[in-house]
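Engineer: Residue numbers (the working numbering), protein chains in the order written: chain A, 162 to 473; chain B, 162 to 473.
Just so you know, these hints were derived from the structure itself, not from any lab. Please read all numbers here as calculations on a predicted model, not as lab measurements. Check before you lean on any hint, since a few could be wrong.
From the structure, some residues in chain B lie toward chain A, with a derived Cβ separation under 8 Å [stated by the list, open to error]: (1) H201; (2) G247; (3) R316; (4) L363; (5) V366; (6) Q418; (7) Q419; (8) I421; (9) H425.
Derived, one-sided and incomplete: chain A residues facing chain B with beta-carbon distance under 10 Å [to be verified]: (10) T178; (11) I197; (12) L326; (13) I328; (14) D329; (15) E332; (16) L339; (17) D341; (18) P367; (19) I382; (20) D384; (21) I399; (22) N400; (23) T403; (24) S444.
Backbone N, C-alpha and C define an ideal beta-carbon position, used for all residues, glycine too.
Protein chains: 2
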Amino acid sequence: MHDKIVVALGGNALGKTPQEQINLVKNTAKPIVDLIQHGHQVTLAHGNGPQVGMINLAMDTASKTAASTPEMPFPECGAMSQGYIGYHLQNAIREEMLGRNISKPVATVVTQVIVDKNDEAFVKPTKPIGAFYTEEEAQELITEKGFDMVEDAGRGYRRVVPSPLPIDVAEKEVVKTLVDNDCIVITVGGGGIPVVKDGNKLIGVPAVIDKDFASSKIAEILDADYLIILTAVEKVAINFGTKNEKWLDKLTLEEAQQYIDEGHFAPGSMLPKVKAAMMFASSKKGRKALITSLEKAEEGIEGKTGTLIINE
Amino acid sequence: MHDKIVVALGGNALGKTPQEQINLVKNTAKPIVDLIQHGHQVTLAHGNGPQVGMINLAMDTASKTAASTPEMPFPECGAMSQGYIGYHLQNAIREEMLGRNISKPVATVVTQVIVDKNDEAFVKPTKPIGAFYTEEEAQELITEKGFDMVEDAGRGYRRVVPSPLPIDVAEKEVVKTLVDNDCIVITVGGGGIPVVKDGNKLIGVPAVIDKDFASSKIAEILDADYLIILTAVEKVAINFGTKNEKWLDKLTLEEAQQYIDEGHFAPGSMLPKVKAAMMFASSKKGRKALITSLEKAEEGIEGKTGTLIINE
Numbered sequence: 162m163h164d165k166i167v168v169a170l171g172g173n174a175l176g177k178t179p180q181e182q183i184n185l186v187k188n189t190a191k192p193i194v195d196l197i198q199h200g201h202q203v204t205l206a207h208g209n210g211p212q213v214g215m216i217n218l219a220m221d222t223a224s225k226t227a228a229s230t231p232e233m234p235f236p237e238c239g240a241m242s243q244g245y246i247g248y249h250l251q252n253a254i255r256e257e258m259l260g261r262n263i264s265k266p267v268a269t270v271v272t273q274v275i276v277d278k279n280d281e282a283f284v285k286p287t288k289p290i291g292a293f294y295t296e297e298e299a300q301e302l303i304t305e306k307g308f309d310m311v312e313d314a315g316r317g318y319r320r321v322v323p324s325p326l327p328i329d330v331a332e333k334e335v336v337k338t339l340v341d342n343d344c345i346v347i348t349v350g351g352g353g354i355p356v357v358k359d360g361n362k363l364i365g366v367p368a369v370i371d372k373d374f375a376s377s378k379i380a381e382i383l384d385a386d387y388l389i390i391l392t393a394v395e396k397v398a399i400n401f402g403t404k405n406e407k408w409l410d411k412l413t414l415e416e417a418q419q420y421i422d423e424g425h426f427a428p429g430s431m432l433p434k435v436k437a438a439m440m441f442a443s444s445k446k447g448r449k450a451l452i453t454s455l456e457k458a459e460e461g462i463e464g465k466t467g468t469l470i471i472n473e
Numbered sequence: 162m163h164d165k166i167v168v169a170l171g172g173n174a175l176g177k178t179p180q181e182q183i184n185l186v187k188n189t190a191k192p193i194v195d196l197i198q199h200g201h202q203v204t205l206a207h208g209n210g211p212q213v214g215m216i217n218l219a220m221d222t223a224s225k226t227a228a229s230t231p232e233m234p235f236p237e238c239g240a241m242s243q244g245y246i247g248y249h250l251q252n253a254i255r256e257e258m259l260g261r262n263i264s265k266p267v268a269t270v271v272t273q274v275i276v277d278k279n280d281e282a283f284v285k286p287t288k289p290i291g292a293f294y295t296e297e298e299a300q301e302l303i304t305e306k307g308f309d310m311v312e313d314a315g316r317g318y319r320r321v322v323p324s325p326l327p328i329d330v331a332e333k334e335v336v337k338t339l340v341d342n343d344c345i346v347i348t349v350g351g352g353g354i355p356v357v358k359d360g361n362k363l364i365g366v367p368a369v370i371d372k373d374f375a376s377s378k379i380a381e382i383l384d385a386d387y388l389i390i391l392t393a394v395e396k397v398a399i400n401f402g403t404k405n406e407k408w409l410d411k412l413t414l415e416e417a418q419q420y421i422d423e424g425h426f427a428p429g430s431m432l433p434k435v436k437a438a439m440m441f442a443s444s445k446k447g448r449k450a451l452i453t454s455l456e457k458a459e460e461g462i463e464g465k466t467g468t469l470i471i472n473e
């Protein structure tokens with residue numbers, strides 16, 4: 162079976178410094194190239210939380226001290242993070258493929274993800290980004306820049322941005338063309354640069370699109386067979402961390418919804434992954450979403466492990 | 162005549178801040194889309210001098226002051242600049258096309274350009290990048306980081322990096338696939354992320370590849386008909402700025418070489434443009450390189466203005 166697969170990697174797996182990232186992507190590349198070597202067509206999506214946070218903080222810090230560095234809006238920081246992460250990731254995949262005598266083109270496409278300007282997420286921003294501030298600094302940012310700031314677990318104040326749902330991928334034709342021509346594409350990095358449509362314009366908005374939802378969207382667009390959402394654990398569990406803990410092999414959409422309603426999955430952690438998996442699985446009969454760890458991705462595709470969410 | 166064209170834009174035309182860049186790319190997009198509207202297949206390359214300098218300075222400034230921002234190597238800053246510039250440029254072109262009912266995919270490919278590790282440029286770095294330092298700071302950077310530092314016209318010390326020649330484009334298959342499928346591609350941004358080959362690895366090196374040479378290389382790879390190198394003037398001149406000033410309509414390779422030998426073209430300004438134009442024109446019979454201004458690009462293709470360098 163040669164499947165078309167979209168793999169969603171976590172940004173936390175990419176490290177906090179360029180050197181860490183270069184080292185970590187080498188390990189990331191191996192299971193990805195296993196999938197490629199077995200004949201699957203793989204497209205990669207990835208998070209960028211720590212990386213865009215770092216870039217945003219650096220730009221912010223510098224704009225206050227260095228005369229010739231401007232303030233950098235958040236979507237532009239996201240665009241930078243796609244170049245930065247894609248550069249390392251594509252090289253690690255290229256090297257791993259060449260080491261196995263696989264010669265397929267691999268490239269990063271700077272990708273914008275379109276969100277609805279009326280998405281209710283814009284009413285109440287919830288996603289913390291960037292540095293911590295004192296209450297006074299936070300008040301200044303609210304007044305001067307109109308930022309939304311919240312107190313974060315006693316560690317200080319942070320800016321929060323909305324986390325709207327992806328509705329389309331601006332560069333979808335480009336990604337499709339490359340995938341149809343057997344290229345390995347890195348796309349929707351960090352969930353994509355968030356933009357809203359205004360007539361013929363695409364306008365960047367300070368927001369963070371969940372990378373698992375963005376991966377689900379591009380998987381739909383590509384008519385993928387599988388969406389693999391990688392996480393730290395091999396399977397999804399209910400009653401996680403209790404004596405009734407139970408690891409799940411397979412979930413129908415109804416079962417997944419029931420477990421969500423029962424509060425089994427942590428918001429900001431397993432919940433968005435399960436929801437993104439459901440979103441993809443429900444988009445068309447036969448589409449399968451798999452939640453597992455990077456190391457187990459291939460065994461998961463072979464049906465040996467992971468949690469499969471299917472539309473039955 | 163529907164030609165395949167590579168257009169090389171200067172980084173100075175893109176502005177120093179995100180807001181400047183968003184405004185400037187709107188004007189840049191118009192003549193580019195004129196070419197597209199007249200049926201030409203256009204691929205875009207661009208410089209990144211001011212932008213990568215800004216990113217490099219910001220990263221450098223922040224790494225000294227903010228605890229959680231790492232030092233960022235120069236090639237990674239280049240990768241960031243490709244995302245940052247490509248994001249704005251692709252949107253401006255998209256918007257201008259949609260305004261004329263042209264619906265072609267446009268996208269930025271994060272692009273690495275391979276240089277020879279034995280390029281003589283590595284022996285004597287000449288290209289200044291980033292901030293100005295005092296003599297003491299410069300000495301420290303030489304000792305601690307092994308940077309090459311030079312005194313820059315009384316304004317202080319700056320880091321210099323080599324400017325090696327491009328020998329190949331790592332993502333060429335991806336760019337070719339997109340161009341063959343009628344996509345507008347933004348590639349080799351800033352001359353490309355400079356990398357050397359080491360077995361199966363591509364390793365980033367602190368260097369700046371001249372964007373006109375990189376444009377010539379990708380134009381060769383794409384088997385383009387035209388390379389258009391955009392500059393501030395409509396034509397190339399000899400005896401520039403003197404009473405014998407003469408604007409040139411057409412140059413054979415021999416004439417161009419003769420004028421170079423006579424010292425007509427300023428290093429770091431018109432000289433690399435003429436050399437890059439010659440490199441492309443000499444790569445195959447029939448290939449034409451045009452040096453002109455952004456506004457005159459289309460008239461140039463129609464043979465009405467600009468300086469054409471041809472292999473006769």
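Engineer: What hint numbers does the structure not satisfy?
Structural biologist: 1, 3, 5, 6, 7, 8, 9, 11, 12, 13, 14, 18, 19, 20, 21, 22, 23 and 24
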